[in-house]
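K.L.:
The chain contents come next:
2 protein chains.
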Amino acid sequence: MESVNEKDFSFGKPKPIDLSHHLSDISKARKPSPLKDLQRFLGNPNLIQMAGGLPSPAYFPFASLSAEGLVAESFPISPSQSPPSGSAFSWFWKLFGAPTKEKTTTLTVGKYPEQPDDLNLAVSLQYGMAKGLPQLQKFIDEFTTRVYKPAYKDPVCLVHTGNTDGWFKVVMTFCNPGEGVLAAEWTYPSAMNTTRPLGVTPVPVPIDEQGICGVGLRKILAEWDESARGMPRPRIMYTVPIGQNPTGATMEATRKKEIYEICVEFDVVIVEDDPYYFLQEGQYTHKSSRSISRTESDEEYIDNLVPSFLKFDYQGRVIRLDSFSKTVAPGCRLGWFTCNPLFAERLERQAESSTQAPCGLGQTMVTSLILNWQFNGYIRWLRALGTQYTQRRDFLLDCFSDEFHLEVEQEHKGAWKGNTVYRAYAVPRNARAMIEKTSARAPMFSFVPPTSGMFVWMQLHLNHHPAFPDETPVTLEMKLWEKVALAGVLFAPGRMFSCEDDGEASPVGSGHFRVSFSNVPVSKLYLAYVMESDH
Amino acid sequence: MESVNEKDFSFGKPKPIDLSHHLSDISKARKPSPLKDLQRFLGNPNLIQMAGGLPSPAYFPFASLSAEGLVAESFPISPSQSPPSGSAFSWFWKLFGAPTKEKTTTLTVGKYPEQPDDLNLAVSLQYGMAKGLPQLQKFIDEFTTRVYKPAYKDPVCLVHTGNTDGWFKVVMTFCNPGEGVLAAEWTYPSAMNTTRPLGVTPVPVPIDEQGICGVGLRKILAEWDESARGMPRPRIMYTVPIGQNPTGATMEATRKKEIYEICVEFDVVIVEDDPYYFLQEGQYTHKSSRSISRTESDEEYIDNLVPSFLKFDYQGRVIRLDSFSKTVAPGCRLGWFTCNPLFAERLERQAESSTQAPCGLGQTMVTSLILNWQFNGYIRWLRALGTQYTQRRDFLLDCFSDEFHLEVEQEHKGAWKGNTVYRAYAVPRNARAMIEKTSARAPMFSFVPPTSGMFVWMQLHLNHHPAFPDETPVTLEMKLWEKVALAGVLFAPGRMFSCEDDGEASPVGSGHFRVSFSNVPVSKLYLAYVMESDH
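Residue numbers (the UniProt record's numbering), protein chains in the order written: chain E, 1 to 535; chain X, 1 to 535.
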């Protein structure tokens, strides 16, 4: 009788179903790299290896690589430092409460290992398998299992060179020219720029404050008319379910289950592009009533995160894209797929004849850092990062709240349905250039306070602008955007996020700005704001 | 009247011609990444940037990156150290004459720059343009101009993530499904594995001891029968002209000019995949008559290198792929295209919606190293690297010469035409398992001593094997390969390098091994050899 290993997270889970019919013609035609066959002899330690075109590591001009890595505890989990009492700069100081002198630990990786399993440059700067470094593989396997808790047996993690390339590889591996991919009606433009030239057309799906909407998705799939649409019913859905780009929407568990079941019914593969997963910020509450302590344990923190689609994926039809871009740094160009073994094998074949393994220097230093932090340290880092973004989100929305009269809409009739839409009205002291000819009681813009990610999606009520309808919303959006930019604040104009090529998806009379609170030095924002308020 | 800048390497050179008709349908459909348009406002230093989804560099968990970089003079230019006189281990010691303790210099890159143009992690770990770091761009521009001396005005260098991905991007940017690419009949299999699944068929071109043969190329193009071939005349030629993979062939200047003119005549774009460029080793001479001093200046060294196709490219129809894989380390996953501006722009668009910029950690440390070495130091490093590979090549061929009776063929009738083909015959004391039943006066194998690269291409005369013709050459090649592998020496079996999918390109009765001398620890090889000789 077999004993049940307590740590066997796959125990009792279903096996993934056969989804091989989703592979593209290109992917089906791919063979393993012939040179990789040689690997089977490489186990012999005395082997004289004269097969591969590998340089000798003696010629790698790095004797070692090092980094001063920040300690996992660099930022506070709770925004609990008291601001200088009563100071006008209280928010400034709170947000700038990060240590002025960074506490670091020295990470060093030498050319040759001292212990057999040590990271070492002789291996990590050499040609390697497209799967990347085994130490990194081990970490992401454990991380994925413990954090995302996939619902099926033995999912596979495979490193990639960032989610943009990950998505490109998915399109090449699953889509044929002349087909479509389902995507939110407002979506990440680079992702659609990847698909269109390949002859794969984005099919917009209506969204609400949680992103892709089940009713809208089902309607599209159930009513699909191949001849009217000029393409078969889409088999692939692209989604950024947490901190959606550009709307900032977060898809909660119930919605995910609903969407997943629709995808089972219509045999759709879900591509979960989830770079903002750990920037979960919770509900926005005004600073006057904000509670700031976070006392949960790491396990509670993980359990309280909005789950990944993987958690509901009992069939293996989710391809999850994780990225170190927002948790470590974008320049790592490092992330990973989690998917069923058949899909992973095909994605690996594609990597072998294009990017191969991600950069060895990047892999080495990221792996060195997270091995130093260990699982608990990395979770600690991610929690604090979430807190940092929460403070940034709160600061921006507090500014909105100070500058405008905000009203919560219970039943919004526009693009956003739901109960957390805020409408912003001008208040007299703020009647500046952009709004001064606008009726004081007409809302200027609406937004849903994001509960994750980096973005606030402002829906501009351009039909209340005095130039409307002489100027179209598209023209007005661009004029306003340029005016704001020339005044020194750069937003992203909304129409570039339209899933459809012509950028005309806005509801009648509206436009949008995507406002990112992730990068601007808060001090700069605060000072600009204070100076404006002093006018 | 304009003054002529002595440093203007473009002065008097022709402009590239319009070759836009070579772009693939996919490439023509590509648009610039919409978010990149925002860049035009980023010049304003006081701009409050709320457009891009960029994390704050405060959250990058690396305060600095460092490396112990080898000094540029780490290896000797000339193999001039005297071996322990008369020692049986003389070659061993000469090849192991590299410094036992590596001399290094510390390279450190901090998060924020001290001077505006300093390398810094706040930039290099952030999202960036697909062109990569400006400091690296500047270096490769200068390097390309001074070393390869392109024949047309204003070629563009663009970083990529290694030549395998570079070639993938070229295929996507220039080839449509149903078309063909010209390639040497024996060629780098991963390159062909990239094209085939995309519906792009390799068209084998006959080769000789210099690689692709002008007569054979012209014949294919001039006699192209679209209906018989089932595809239009190929517009793209893939070539590894220096240290060709797998044959080790080097294409000299005269041949390159001939090939280039044929490509002009038939409007073919030349893709020059040239990772082994600096592993130029010169003619092999037996150790008894070898002269080992290299006294040329750096300028003479550069002038004496076999030129790149770029030097003859007065129309801008060459896409050159350079790689740091063999000059720094494969794990860098870093290299660059050199091509005309129109092609470069399209390749950059493709990078934007797939890999984006190469890994920032890799770019930073490679750039830091070569900025430390400077141009002259890098040339110094490359010269010494060439010497190292020359010694390795010589050692392997000396072993052949000691073990077999070698004869130089003046007029070889087989696959190799030319005057540098060696035939290897068994001599009685070496009549071991593989050859003992073979006629003592029938050649066992032939090879052209490579003048560059990492490979010796052994043509096995299997028709002299006692099991022939009962066993086919294909079966015999694999059996011999496996026997050698089980005995502890791993070669690469020849048929995997066949340009054609079925691997049946060998001349009647022959097989091949690709023998790499790049990676094996020379001490191991030497000791194995000495022990064998003592039998």
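Don't take every hint at face value.
Which copy? The list can't say, so a pair holds if one copy fits it or any two copies do.
Below are the EDC-like pairs computed for lysine to aspartate or glutamate, each with C-alpha atoms no more than 16 Å apart in a straight line [to be verified]:
| hint | residue 1 | residue 2 |
| --- | --- | --- |
| 1 | K138 | D118 |
| 2 | K28 | E482 |
| 3 | K103 | E68 |
| 4 | K15 | E258 |
| 5 | K111 | E68 |
| 6 | K257 | E471 |
| 7 | K31 | E345 |
| 8 | K31 | E500 |
| 9 | K479 | E102 |
| 10 | K479 | E261 |
| 11 | K483 | E114 |
| 12 | K311 | E261 |
| 13 | K483 | D398 |
| 14 | K28 | E345 |
| 15 | K131 | D25 |
It should be emphasised that the hints constitute simulated quantities derived from the structure, not laboratory data. Keep in mind that this is a model prediction, so the values were computed, not measured.
K.L.:
Give a verdict on every hint.
P.N.:
Evaluation of the provided hints:
For a Cα distance limit of 16 Å, the shortest separation of K138 from D118 inside one copy, 13 Å, qualifies, whereas the shortest one across copies, 36 Å, does not. In this assembly of identical chains, K28 and E482 lie within 16 Å of each other by CA distance neither inside one copy nor across copies; the values are 47 Å within and 29 Å between. For a Cα distance limit of 16 Å, the shortest separation of K103 from E68 inside one copy, 9 Å, qualifies, whereas the shortest one across copies, 23 Å, does not. For the homomeric pair K15 and E258, neither the shortest alpha-carbon distance inside one copy (21 Å) nor that between copies (59 Å) is at most 16 Å.
In this assembly of identical chains, the alpha carbons of K111 and E68 lie at most 16 Å apart only when taken from different copies (10 Å versus 18 Å within one copy). For the identical chains of this complex, K257 and E471 are neighbours neither inside a copy (43 Å) nor across copies (60 Å), given an alpha-carbon limit of 16 Å. Only within a single protomer do K31 and E345 lie at most 16 Å apart by alpha-carbon distance; the minimum there is 11 Å, versus 31 Å between protomers. When the C-alpha separation of K31 and E500 is checked against a cutoff of 16 Å, the pair qualifies only between copies, where the shortest distance is 14 Å, while the shortest distance within a copy is 35 Å.
In the homo-oligomer, the alpha carbons of K479 and E102 never lie at most 16 Å apart, since the shortest distance is 42 Å inside one protomer and 61 Å across protomers. In this assembly of identical chains, the alpha carbons of K479 and E261 never lie at most 16 Å apart, being 43 Å within a copy and 53 Å across copies at closest. For a Cα distance limit of 16 Å, the shortest separation of K483 from E114 qualifies neither inside one copy, at 60 Å, nor across copies, at 34 Å. Taking identical chains as interchangeable, the C-alpha atoms of K311 and E261 lie at most 16 Å apart only when both belong to the same chain, with a minimum of 13 Å there against 61 Å between chains.
With identical chains, the CA atoms of K483 and D398 are never at most 16 Å apart, being 23 Å at best within one copy and 74 Å at best between copies. Taking the closest pair of Cα atoms, K28 and E345 come within 16 Å of each other only inside a single copy of the chain (11 Å); across copies the shortest separation is 31 Å, beyond that limit. Proximity of K131 and D25 under a CA criterion of 16 Å is satisfied in neither setting, with 23 Å inside one chain copy and 32 Å between copies.
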